[in-house]
Structure formats: C-alpha cells, structure tokens
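For the record, the sequence lines run as chains A and B. Everything in the first sequence is counted per my numbering, starting at 33 for the first residue and increasing by one. Everything in the second sequence is counted per my numbering, starting at 513 for the first residue and increasing by one.
It is worth saying that the hints were derived from the structure and are not from the lab. Small disclaimer: the values here were computed from a predicted structure and weren't measured. For each residue, glycine too, the CB sits at the ideal point set by N, CA and C. Any given hint could turn out to be false.
[What the hints assert, rightly or not] Just a few of them, taken from the derived set where beta-carbon distance is under 10 Å, the chain A residues facing chain B:
(1) 107
(2) 110
(3) 116
(4) 123
(5) 184
[What the hints assert, rightly or not] Covered stretches of chain B (chain A as the covering partner; in silico rule of three or more C-beta atoms under 8 Å from a C-beta of chain A):
(6) 530–539
(7) 544–552
(8) 562–571
(9) 632–646
(10) 763–776
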Amino acid sequence: MTSDRGWTFWVLVGLLVVGHFVLHLAIGLGATAPDLLTPALLLAARRIRGAVAAGLGLVLGLLQDSLSLDAFGAEAVTLTLLGYLGSRSRDLFVGDGTVFLLVYLFLGKWLHDVIVYALSGVPAQAEPLTWLLVFAPLAAVYTALAGVTAVAAYRSVSGER
Amino acid sequence: MGNYFDGTRRGRRRDAAVAGGFLLVAVFLLLLPASYQAPLRSAIRGTALRPFLAMQAELTERRVRREDVSQLRAERDSLAAVVAAQASLAEENRRLRALLGLRGRAQPEFRPAELIRAGVPGAESTFFIDIGAKDGVVVGSPVLAPGGLLGVITEVDEHTAQGIDWTHPNFRASAMTSDGDVTGIVEPRRGRFREEDLLTLTSAPFHTDVRPGTRVVTTGRGGIYPRGIPLGTVVGIDEADTGWRKSYLLRPAVRPEGVTHVIVAIQREGQGGDLSPLWQPDEPADTGRAAAEPGAGEQRP
Numbered sequence: 033m034t035s036d037r038g039w040t041f042w043v044l045v046g047l048l049v050v051g052h053f054v055l056h057l058a059i060g061l062g063a064t065a066p067d068l069l070t071p072a073l074l075l076a077a078r079r080i081r082g083a084v085a086a087g088l089g090l091v092l093g094l095l096q097d098s099l100s101l102d103a104f105g106a107e108a109v110t111l112t113l114l115g116y117l118g119s120r121s122r123d124l125f126v127g128d129g130t131v132f133l134l135v136y137l138f139l140g141k142w143l144h145d146v147i148v149y150a151l152s153g154v155p156a157q158a159e160p161l162t163w164l165l166v167f168a169p170l171a172a173v174y175t176a177l178a179g180v181t182a183v184a185a186y187r188s189v190s191g192e193r
Numbered sequence: 513m514g515n516y517f518d519g520t521r522r523g524r525r526r527d528a529a530v531a532g533g534f535l536l537v538a539v540f541l542l543l544l545p546a547s548y549q550a551p552l553r554s555a556i557r558g559t560a561l562r563p564f565l566a567m568q569a570e571l572t573e574r575r576v577r578r579e580d581v582s583q584l585r586a587e588r589d590s591l592a593a594v595v596a597a598q599a600s601l602a603e604e605n606r607r608l609r610a611l612l613g614l615r616g617r618a619q620p621e622f623r624p625a626e627l628i629r630a631g632v633p634g635a636e637s638t639f640f641i642d643i644g645a646k647d648g649v650v651v652g653s654p655v656l657a658p659g660g661l662l663g664v665i666t667e668v669d670e671h672t673a674q675g676i677d678w679t680h681p682n683f684r685a686s687a688m689t690s691d692g693d694v695t696g697i698v699e700p701r702r703g704r705f706r707e708e709d710l711l712t713l714t715s716a717p718f719h720t721d722v723r724p725g726t727r728v729v730t731t732g733r734g735g736i737y738p739r740g741i742p743l744g745t746v747v748g749i750d751e752a753d754t755g756w757r758k759s760y761l762l763r764p765a766v767r768p769e770g771v772t773h774v775i776v777a778i779q780r781e782g783q784g785g786d787l788s789p790l791w792q793p794d795e796p797a798d799t800g801r802a803a804a805e806p807g808a809g810e811q812r813p
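In isolation and in its complexed conformation, chain A is listed as follows (with noise of 0.2 Å):
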C-alpha cells in the first residue's frame, strides 16, 4: 500500500472508524455489523511509529468505552496495547499482502477479545472456553475479512499496490 497519497489512506482508516460507530451504534446491528475498530487501529499501526498507534487505540478505545457500564477502560487498554503491538509487527513481519493482512487481521481481533474478556469480565453467554476457542475466532475471521475487503476496496479506488 505504498503511495504518495499518504492521505487516502486516514481516509480509509476515518471511515473505518466512522463506518464502526454507524453500523453498531447509529443503526444498532451488534454482533450482525463486524467491529471495524480493530481493524482501523490495525491497519494504522503498520504505518505509524508505536507510541502514536499506542495513543490511537487510547483514543479508540475510549470511545468504545463510553458506552459500557460495565468495563470502563478494558477497551482502552486494549486497543493501546494492540496498537503499540501492530506497530512493532512491523520489525517481524514486513510485507502486507492479502494472506498476511488477513491472518494479522485475524490474530490482532482473537487477542483483542481475549484482553477484553480478561479485563471486563463480564459473563458470557457461553463457557469462556468454548467462548474463546470457538465464538472469538469466528468473529476473528468476520473482522479479518471485513478488514481485507475495505482494503481491496480502498487499493482499488486509490490504485495502490
């Protein structure tokens, strides 16, 4: 995704961030809308230095935070420790094809919600173990690919490679 139009992409990662907030809180889909906050953080964070992504999952977070009674703060928490994480993924893994940007996708939201069940403790619908072995990688995997579609969609509006 490298491009002189360095802009295209905030763009991308705003209305990710906006899009979030629309389906889950403005039309009020919950668990049908995949959470493109994770995803936004991710995607920002292969770009930007670690303390930055850290501050940007603050800021995230914090917005998701206000809307729950329950675990205020477990999601700040989250998301700045997932940013600053995305942005050291870079000293490992270089590179952002498809594939890549699909298991990091992937294995960014497993460890989000992971954190957050941790944090929150708030009690789930489910055993925590099937919860955390079978219902979060499946939301895992509908953030992932809702990740790499906004991408693809935004690669080939821009004409990034």
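Chain B: place on chain A using the hints.
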C-alpha cells in the same frame, strides 16, 4: 505498507516509554471508581458520539412512522381503554379519600422516551433513552414498556440517560405474586442465548407453592419501583434449597430485544404509588392461579 519506521535503538526505547505512558493512563482509567468514570463516559458520549446517538434516534423515529396505521390505531384504542378505566378508579379513589379525610396518594409522573441500544461489546444489557435530567429523570427511575418493567436508569446526563434492563446481572427487584401471598427477589437467569434469558423469583418461603401461570409484580418496597408493575409469569420451580427457600422461574413480561419506546416513571423521593390498575384494570388479582388450575379454561365434553 510504506514509510516503515526504522528508528534507532534509542528512538525505539523512547517510543516504548511513551506507549507505556499511554498504557498507564488506560489502566488508571480502568481502575477508577465508577463514580469518577461516569462523568468521563458522559463527556465522550455528549461530544464525539453525539452524532451517532442522534442518528439512531432519528432512524428509530422514521421506523416508527412507517409502522402500520391499523396497529397504531389498535394500540391507541387499548391505551384509551386503560386511561378511561384509570380515570374512573382515580375519581372513585379521590371521593373515598375525601370522605375519610385522607390526602391524595402520590403517584409517579411519566415521560415517554425512545430507547436506543448501543450494539457494542460491554453494552449488551444496557440502553440509552433520549430524555435526561432536564426532563426529571434521575438515577433509579424505573423504565416501563407496554408489558411491564423493562429496567432502571443508572446514569443521567442532561438530555440522555443510560440504564440497565432486567437481563443485566445487577438487576434486582422486590417482587410478589399478584395476590400478595408470596414475596421474594426477582433477578435475571442467563440462558445460552439472549433470547433464552429468564427471570427467577428467589427467596420464596419453602412452604408456599406458587403455581405456573401466576403473575409476579413489584412490591413497591425499596423505593425504586412503584407497586404493581408486572415482572413476569411463573413457569415452574427453578430450585428448592432443602427446607429453606424456593426459587421459581419466570417468563418475563417484557422481552428487551423488541422494545423501542418506553415510559419513564419520574418518581419523587418517598413517593410510591400503585400501578396495578394500569395493567389489569378489570382483572381479578389471582388470575394467574385460576388459569393454572387443572382444567381451567378447557371445555368440558
């Protein structure tokens, strides 16, 4: 992805230190007492998320406008019947109280509101309403749907308020059977799916026997919920604590998933009120029991 950050070791260390600072801020916010978190939540909702909340209120309003006119007419007629029954009862009550030289009993006032759901993790059993402190909503105001009690307000902003519905783990209500024979505490019982969530009437005396079909309503004790708001209908015994207490499973009077409009009781401190006539103006108190009698409602050969 271009523009990779190729910082020096020193730069990376500084980067990690700043990120650690952000993480500390986040942990600090997580550990803050709930009373300090509430204003922060409220400030973020009232600024950055306000357009989204306003958008949801607008979409709900449009959806309602598209509803079937005949259904609206039927609902209006039902409400008119309830209001007429309530008016005659109120008049009779007023005259009797005047005869006895008693002051009129205080009743809560009501405000209609639209219910807004935040479909994000961590907000599963919570909701927002589009009225707030300016309209008289306070923490502890009961939220009612056409079938009965939906939940209670827990945080109030100037123009909006946030509450929990009965599926929230912290929900509790002092309850009794509609005939007043058995009292207990109603709390949520989680199912495998949200649609399977039920209520349980706990701490009922062991020697009592509440039959399936009996209606359970609020007692009015505790100063939160007025008396007589339907909570649910008994479907069977949940568990029996040997020789001490019984718990009964209830089918809830209101399913939170389908509720879009509510009324909020603006209750003044020390005022209770009995809302039973709002739901059963002509119904005898022990309808539930009668319905549960063997053969009740069946045609004889």
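Self-check item: Violated hints, by number in ascending order, as checked against the structure
Solution: Hints 5, 10 are the ones this structure does not satisfy, whereas the remaining hints hold.
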